[in-house]
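> Listed below, chain by chain, are the residues.
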Amino acid sequence: MNWAEILATSLFAAGCFFFVGGAAGLLRFPDVLTRLHALTKADNLGLGLIALGAATLADNAWGGLKVLLIWLVVMLTSATCGYLLADQAHTSDLEKPK
Amino acid sequence: MTPLVLLDLVLGAVVLGLVAATLWSGSRARMTMLFIGFGGVVALVWMRLGAPDVALAEAAVGAALTGALILRAQGSVPAPLPERSRPWIIRGLVAGLSVAVFGALAWALISLDWKARPGLERVVEARLPESGVTNPVTAVLLNFRAYDTLLEMAVLLIATAAVWCLGRSSETPQLPPDDPLNLALLRPLVPLLCIVAGYLLWLGAFAPGGAFQAGAVLSGALLLLLVAGLPRAPGQMDTLRLRATIAAALLVFLGVAAATAMSEATLLQYPPHRAKDLILVIEAALTLSVAYTFLVLFQGGRPPPREVRA
Amino acid sequence: MTVSLGYALLGAAILALSIYPLVLARDLLRRIVAANAFGTGIFLILVALGFRGEGATPDPTTHGLVLTGIIVAVSATGLALALVARMHAAGARLEDV
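Chains as they are written, first to last, in the working numbering: chain A, 1139 to 1236; chain B, 10 to 319; chain C, 15 to 111.
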């Protein structure tokens, strides 16, 4: 394996670590707000690391930039969704923070 | 065990587990979320089987859009109360039917000669230069089997008409129009989605992509505008422009079909030097119609006519 | 090839699994989800039939069929959901269906 593949694999592994952490948080945290916190970590950091790994394996610089654009768009939408869900949970008193 | 076999086993197990979890999940919300996840993993399976166009469509339409439709319907239809379960003999019969169907299919599939499968990939590859595009799936959908795609557009139009016949659209839950999210999210995202849709449309000629995927992305932009509570978002009023956009694909396709039938004496036989342009024109109309059809399906009914809104 | 056969059998399994809730589920939305899963099983069989191994060109006609099928399935789902909403608005007892 050349250096690019080694770098990409380690980035993928780090990203998976954050995704597993996010899933564990989703299953184990007590209320909606803390679970959202865990999920957004998975979305931002986990996907960012995986996107970086995929970018190092891309054919050319433009392909890598496109992958990073995907990460930016996902960050934008997941931050918005996190805000909307938290707002809904807060106003409807779904679960009091424990 | 090679890495690819490991990947196949894991993918298969995850897909099967997700189907079972989705269909037998306790709550409705869980079922919908798991269904969206199921669609995402199935998109991975499509990639594994060398079908990137199908993967794009599955992720955008099969998982995301269908999930959005079901989520929207969840709001208007309450879950039925659990009643006494059905008699065990009925349940046993249906379970037996399930097993019998699987057995019959498995027997048929296993006794197939997988080494010597007939396939059309050589035929398509041989005639690809005259189709006007280099992406074989686009060539099949928009040129060699264009008649099927024409009928598919008719099916979409019929579905829209049927949904509109069933009643008025209920109020879509919307953000207040002056919500700061509208500026923060929509201003970068909606133009980006339009650009990506155009990019996918153009790309479909020579790389995975095409009109349906572009239409799905564009419908995402339209749905965002609808949910954001903007008063002039598309699809809020039953206007001639909305109807014309939904019918545009079928009309354009019929026009091309009539033109080719008259000049070439064969239905939908594109002259090879014009094929690329014809495909692009049809695909552009397809993108618009598909996007607005998905918007209408999301609304679930006919929007109020223009006079009421004014 | 065993890869194709494996995924085709997976499709058959998904199809068979979704028959039970498709017929017997009380919640109509669950039946619609089961119908979608049924369709996905069929698509899996089709694409697996067209798969020719890693690196070899797959059969594009099966991909075209499945792509058309996905679009038609979502419009059928949209119509089915509108029907269910209308039935509920008209006061039908959905448990009797």
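A portion of the hints provided could be inaccurate.
Said to hold, decoys possible - Output of the computed footprint for chain C on chain B, the stretches with three or more beta carbons under 8 Å from beta carbons of chain C: (1) 96-107; (2) 226-236.
Claimed, not checked - Have a look at the derived ranges for each label pair, beta carbon to beta carbon: (3) A:1219 <-> B:314: 30 to 40 Å; (4) A:1228 <-> B:249: 39 to 49 Å; (5) B:104 <-> A:1152: 38 to 48 Å; (6) B:143 <-> A:1228: 35 to 45 Å.
As the list claims (entries may be wrong) - Reference excerpt, derived from the structure (chain B facing chain A, CB under 8 Å, subset only): (7) 14; (8) 38; (9) 90; (10) 194; (11) 201.
Hints listed in this document are in silico derivations from the structure and should not be mistaken for laboratory results.
C-beta atoms are modelled at their ideal positions from N, C-alpha and C, and glycine is treated no differently.
> The structure should be examined with respect to each hint, and the outcome stated for every one.
Against the structure, the hints come out as follows:
1. Residues of the region 96-107 of chain B lying with their CB closer than 8 Å to a CB of chain C number 6, which satisfies the three-residue condition for coverage.
2. Counting residues of the region 226-236 of chain B whose CB lies closer than 8 Å to any CB of chain C gives 0, which falls below the minimum of 3, so the coverage claim is violated.
3. Remark: the range hint 30 to 40 Å for residue 1219 of chain A to residue 314 of chain B is upheld by a beta-carbon distance near 34 Å.
4. Checked against the hint of 39 to 49 Å, the C-beta distance between residue 1228 of chain A and residue 249 of chain B comes to roughly 43 Å, which is consistent with it.
5. In this structure the supplied range 38 to 48 Å holds for residue 104 of chain B paired with residue 1152 of chain A, their Cβ-Cβ distance being about 45 Å.
6. A beta carbon spacing of about 52 Å between residue 143 of chain B and residue 1228 of chain A contradicts the range 35 to 45 Å that was offered as a hint.
7. Given the 8 Å rule on beta carbons, the hint for residue 14 of chain B is violated: about 19 Å separates it from the nearest Cβ of chain A.
8. A hinted interface residue such as residue 38 of chain B counts as satisfied when its beta carbon comes closer than 8 Å to some beta carbon of chain A; here the least separation is about 12 Å, so the hint is violated.
9. Hint status for residue 90 of chain B relative to chain A: violated, with the closest Cβ pair at about 22 Å, above 8 Å.
10. For the restraint placing residue 194 of chain B at the interface with chain A, the shortest Cβ-Cβ distance is roughly 5 Å, inside the 8 Å limit, so the hint holds.
11. Taken as an interface hint, residue 201 of chain B checks out: its beta carbon lies about 7 Å from the nearest beta carbon of chain A, inside 8 Å.
Checked against the numbered hints given earlier, this structure breaks hints 2, 6, 7, 8, 9; the rest are met.
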